[in-house]
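**Student:** Chains as they are written, first to last, in our numbering: chain A, 911 to 1247; chain B, 911 to 1247; chain C, 384 to 790; chain D, 384 to 790.
Derived by calculation from the structure, the hints in this document are not laboratory data.
Keep in mind it's a predicted model, so treat the numbers as computed, not measured.
Any given hint might turn out to be false.
[Claimed, not checked] What follows is a set of in silico ranges between Cβ atoms, one per label pair, in the way DEER data are often shown:
(1) B/Gln-1175 / D/Lys-776: 20 to 30 Å
(2) C/Lys-454 / D/Asp-430: 18 to 28 Å
(3) C/Glu-427 / A/Tyr-1114: 43 to 53 Å
Where is the CB? At the ideal position from N, CA and C, for every residue including glycine.
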Amino acid sequence: MPQMNIIQSVNSALDIILEKDSKVCIFGEDVGYFGGVFRCTDGLQAKYGKHRVFDSPLSEGGIVSTAIGMGINGLRPVAEIQFSDYIFPAFDQLTNELAKLRYRSGGEYWAPVTVRTPCGGGIRGGHYHSQSPEAYFTHTPGLKVVMPSNPYDTKGLLISAIEDDDPVIFFEPKRLYNGPFDGDHKKAALKWDTHPKGEVPEDYYSIPLGEAAIERAGSQVTVLTYGTMVHVAREAADSSGIDAEVIDLRSLVPLDMDTIEASVQKTGRCVIVHEAPKTSGFGGELSAQVQESCFYHLEAPIVRVTGWDTPFPHSLEWHYFPSQERVIEAMKKVVED
Amino acid sequence: MPQMNIIQSVNSALDIILEKDSKVCIFGEDVGYFGGVFRCTDGLQAKYGKHRVFDSPLSEGGIVSTAIGMGINGLRPVAEIQFSDYIFPAFDQLTNELAKLRYRSGGEYWAPVTVRTPCGGGIRGGHYHSQSPEAYFTHTPGLKVVMPSNPYDTKGLLISAIEDDDPVIFFEPKRLYNGPFDGDHKKAALKWDTHPKGEVPEDYYSIPLGEAAIERAGSQVTVLTYGTMVHVAREAADSSGIDAEVIDLRSLVPLDMDTIEASVQKTGRCVIVHEAPKTSGFGGELSAQVQESCFYHLEAPIVRVTGWDTPFPHSLEWHYFPSQERVIEAMKKVVED
Amino acid sequence: MSKKKTLHVPDAPFRPGDKPNFKDLNLPKAGEAEKPDISVDPSEIRDLAFSLVRVLDDKHKAVGPWNPKLKPSVLKEGLRHMTLLRIFDDRMLTMQRQGKLSFYMKSLGEEAVAIAQGMALRPDDILFPSYRQPGLQFVRGRDLVDMICHCITNSKDNVKGRQMPVHYSWKEGNLVSISSPVGTQFPQAVGCAMASAYKGEDNVTISWLGDGTAAEGDFHYAVNFASVYKAPVILNVVNNQWAISTHKNFSSGDATFASRGIAYDLPSIRVDGNDFLALYSVTSWAAERARKGEGATFIEVFTYRAEAHSTSDDPTRYRPKDEWKSWPLGDPLERLKNHLIDLGEWSKTEQKKLEKELDDLVIKSYKEAEKHGTLNDGPWASEETLFEDVYKKPPRHLRKQRQELGI
Amino acid sequence: MSKKKTLHVPDAPFRPGDKPNFKDLNLPKAGEAEKPDISVDPSEIRDLAFSLVRVLDDKHKAVGPWNPKLKPSVLKEGLRHMTLLRIFDDRMLTMQRQGKLSFYMKSLGEEAVAIAQGMALRPDDILFPSYRQPGLQFVRGRDLVDMICHCITNSKDNVKGRQMPVHYSWKEGNLVSISSPVGTQFPQAVGCAMASAYKGEDNVTISWLGDGTAAEGDFHYAVNFASVYKAPVILNVVNNQWAISTHKNFSSGDATFASRGIAYDLPSIRVDGNDFLALYSVTSWAAERARKGEGATFIEVFTYRAEAHSTSDDPTRYRPKDEWKSWPLGDPLERLKNHLIDLGEWSKTEQKKLEKELDDLVIKSYKEAEKHGTLNDGPWASEETLFEDVYKKPPRHLRKQRQELGI
Ligand SMILES: Cc1ncc(C[n+]2csc(CCOP(=O)(O)OP(=O)(O)O)c2C)c(N)n1
Ligand SMILES: Cc1ncc(C[n+]2csc(CCOP(=O)(O)OP(=O)(O)O)c2C)c(N)n1
Ligand SMILES: [Mg+2]
Ligand SMILES: [Mg+2]
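Isolated chain A (complex conformation):
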């Protein structure tokens, strides 16, 4: 089976779906001729033609709003927002329009739009190339929110997202594009080459939205996480000797509470890890739900390990980015409490 990195697996998913469904079109800033600043759409315009894969004006609001119109009129647009830090000019169209269209029209209209956007830190992107804005979208009924952590899942989830008749915000943790990253920036960069989840079938397959994956089975503590932090958490478990069960949520909305509950009810302990700032981050929601459904199983307070409640810094990036140490400390605290 071919090995792919996440860029290639995104490209492969798009390629397959462009081939399969003539109603799919892909557009966004620099995605056409150039193939995207991260090269996720490389070669697709040449292969499928200018009207299937094309550049847009530099206008996130324009991209999302026209995608909605296309969706209303029978297309299945896949829009790219170049960095998720730049998704906010489209926030009104995403939250007030895309999310609510089906509801407000009594089911008459909807727009099966997928918005792909690279997110997260760890690339020295500083303030405005590192944000993880997923929580905003999880608070917006009508949107589905997905964030994969490896090439295999990326392809299968992206195909599902595009085929889904509901709008999906599809976050791609850019630090993982070229290889897994366990949080140790001093180590040489890894590649997906030898990673089992770097094996990606060439052909069509899909992974349903709303199913978490157990990244690492364990018994002492449940770690709920997604995106880049999946790798940090797994490595933290492996290196600390704490037998943690690391759950890769993959889809935040809908959320796989069955898997989460089963795990926490087994371990009795829970740590939540994400990059985004703590206050009202998705970790708050996870913590609330876990204590609601597993209160009597919990043997220690749930601990969140997250980005700080500050904007994302540049030079102090590694003081901001949740480190293995912080995850280990949290797991220890929870296990020992």
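Place chains B, C and D with the ligands on chain A using the hints.
**Tutor:** Coordinates of chains B, C and D with the ligands only, in the frame set by chain A:
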């Protein structure tokens, strides 16, 4: 002491601050000549002049961005967003600019902008005149987020917000403008006339941001809430006979965890109530924090009573709006668990 | 107060107590504006953005190159729709005042906009209106009862009671769900038109927004994308001079709204919005361009909001009373009626009869609608609908919440 | 593949392998554009939005009504700043390639923009640049060491290592913190100018954004608010033809960017961005208008992005190599130099000497800067700074988080 409703207390705060500080200006859609669609700025243009209180183009993004520029250049603008449902076109300027300006410039620049905006349901406003988007802003480091529940607090908090050198999103629960509302829409509308918190001093006073108020002291369960739901929760406590301690948070960021902890550690039980949708609502954050700091005091799972994870409906408004019954049920559950 | 130099803030031209004065509008005469070929280079017709296309002159004659030369039957149909809309609006307003609707918005003085423009289109053309173009539904033959069921938010409201009144959605009529956040429909319409082009279909998309709304970012996205992708779309700014209490002086400098299309290399036309014939003609021209692959047209519809913004509004607080009566471009319904009378095709008696007939129809429809429930007593959309249509299928958390509510 | 009718998508005029061809630019001659009075009615000078203000002709002479007739000393100062900027950019790029900066963006080919425009202003005028106008800092005499400390993100970076390089902030120089989200500064600048007017001060605010960025909503807010409130602001669209890989054909139809000001009744001028004199002159004119209370001016600065978008970019993937060399409006630095030589005020030897001097200065400054730390080894801004400046004073939750981090 004069009795005021919330509209009058907003007006009084603005009047005082316009008088006191020539750098304060007020603008937004229809706020100038007309005095605002809710009449909060009534009479102020006539009193202070066209350049102090003025109409703006219909452009929330333009309002917030120019307010930032004014703030950078020494003014202390108070911008009105006509309904908080319409704050999203300004979301980029609020989250990426206003919130981050001080940080990204190393403290060189900041903009002391206050954004006032009516929020919440209960006025048959349906889909787009009922939203409670406060959670989005609590997830945005750099912003302060305030929501009062009565005329007295409104005036004191609004004056603090305007005088604060940090940006503040000031939510005004529009269902409370003219009178307290305990969630029973079948009852005749109440007025602030006889309510103790409807007594509002004519003169300057301020209430610090970041201090919660105990709306009703109690021993059996702590109810954390804010805005309109304060009244629903208090009435639920009074009418159910459950001796609940109802805490009116008033300020969500910064949050008064001291008051919250003291109460939950005393009662050992906690219910959280807000109008906004549940998933990733501010209740998730509150729940997470309470269980983090009061885990060993908690005798039952924390329960959230919130709007459903749907857009805000029109005809079924009262099925959406968290009712006294739902609050009582939650309190009972928590107390009996 | 000494006049210190300070920030310039525009004024409305008149306020309560002032005498409305429309002299400096400098209106061109009917028939004056030239009519270009549909494949014209936009740069050659920039003047049209500062002029005004008018067909009906002061003597109720149709004049000039933009005269669409419509058959009397078509004119009568237009008159019928406009009369119906006015009567419908009046009845609904009355019912709102009686508490039977939670809210209402009228089109008084602007009836020609949706009706003439709608009639100039094909049924498969797609509509993205604002709340001020309900008349489109009459043109496309929507059942009045259905419209009223939405307005009184009962069990037969096809949007299941989720939106306030006048936020229609009508899939069968290709009328896309109306949204309260103003302007959002404009760039969506462009995307919709892009999809038609993508599919090689020759239907056209049309959208409207107000003078105030033209200040939103969505306006800019729409015009720009329409230009870049030569989308088969007609973009209308309905300049009715007011955005609630805010005069259009706050949403444009002294330039016309139509001139905003020039900057995007779009043919940009300013048209008398109270002139059924001019509107019909300009819209046909734009639709033909779009259908033939010539791309988008940008139109400023020049009109006047005759009444309150909505039932929540009290315009006497911010503008003179009966100001609309001085509007130099008159009443669109009267003008069309007088034109028909002038043609010998219509009479005051016939109009009276028509009014009676339509009023009866509205009353009958209203009664019929109430059989499906009322705002205050229901039945409304059933409780289960609360959790439907958020997603195509309710995910687990919504099914759980539904159970929590006990349904 | 048969050519089915489908969505129109524009092309860039050339791609890798093509020969760049700028013939259809239809450039007017130097000296041709008229210079209006500062109190001109914008509607009288719409032509300027489709023309091009040029002062330096092909023979290096300054011609026409827009000739600002600057003293040689001023020209030399301009040349010095431009030369410094070019050298500074080169050095920084080299250092970036060596891993000493995390990122860099050059102004090659566009040096005149910030420098001529900056020199035409007063020091108390307030600057809201994009990342492509670092030259403003040279004009206002910023310490090179400070600039470099920011770029290498060390302990003396005045923005405390929070932003990527070239996101300068310099309060003393009235240069407002540069943001990555493009365009956000444009309406902020308008608000800033409104505040100056509010206070009765006569300083001017100026802002720049790119051709690509002009598609953002912020562009529209800015121009509209500037027009409505007659703000003392100068709004520049720097049309360097590219937004990363996206040609300006995707951000405007065939109209000029300058023509976008027409729709808001602003004087709108298109100016040769590689012509120091034309830029200086147009900016002085706009600043005078603003200062005298005549309101905003809208300017399209017509230029070419000579190099990669940034150090993350590889333009050979999307446009021909050395394409800039064919740009008919030449190299702004060469043109100013040749003008000075033509005036007998400068020589190639002097230029060489100047280059050497400035290169030494940059190297010296770089070394000096490194004394305060380097990107890779620090020292950087101290760890406590992580929690500072989020709010004026850290609230409890940030003090707690700081403790959690153990600092
Ligand atoms: C984004 C947004 N902001 C504010 C409002 C509140 N609002 C509703 S209509 C309106 C005025 C619209 O004026 P205009 O665009 O001229 O249209 P008209 O009502 O005159 O037809 C305003 C401010 C809204 N609905 N949406
Ligand atoms: C809101 C936003 N969207 C996207 C980007 C990514 N981005 C950075 S610069 C750029 C192109 C800007 O082009 P232009 O405005 O022409 O300016 P230039 O770089 O040519 O000076 C893009 C797409 C961004 N920084 N901000
Ligand atoms: Mg209007
Ligand atoms: Mg550019």
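**Student:** Please go over all the hints and tell whether each is borne out by the structure.
**Tutor:** Hints, one by one, checked against the model:
| no. | hint | in the structure |
| --- | --- | --- |
| 1 | B/Gln-1175 / D/Lys-776: 20 to 30 Å | 27 Å, holds |
| 2 | C/Lys-454 / D/Asp-430: 18 to 28 Å | 44 Å, violated |
| 3 | C/Glu-427 / A/Tyr-1114: 43 to 53 Å | 51 Å, holds |
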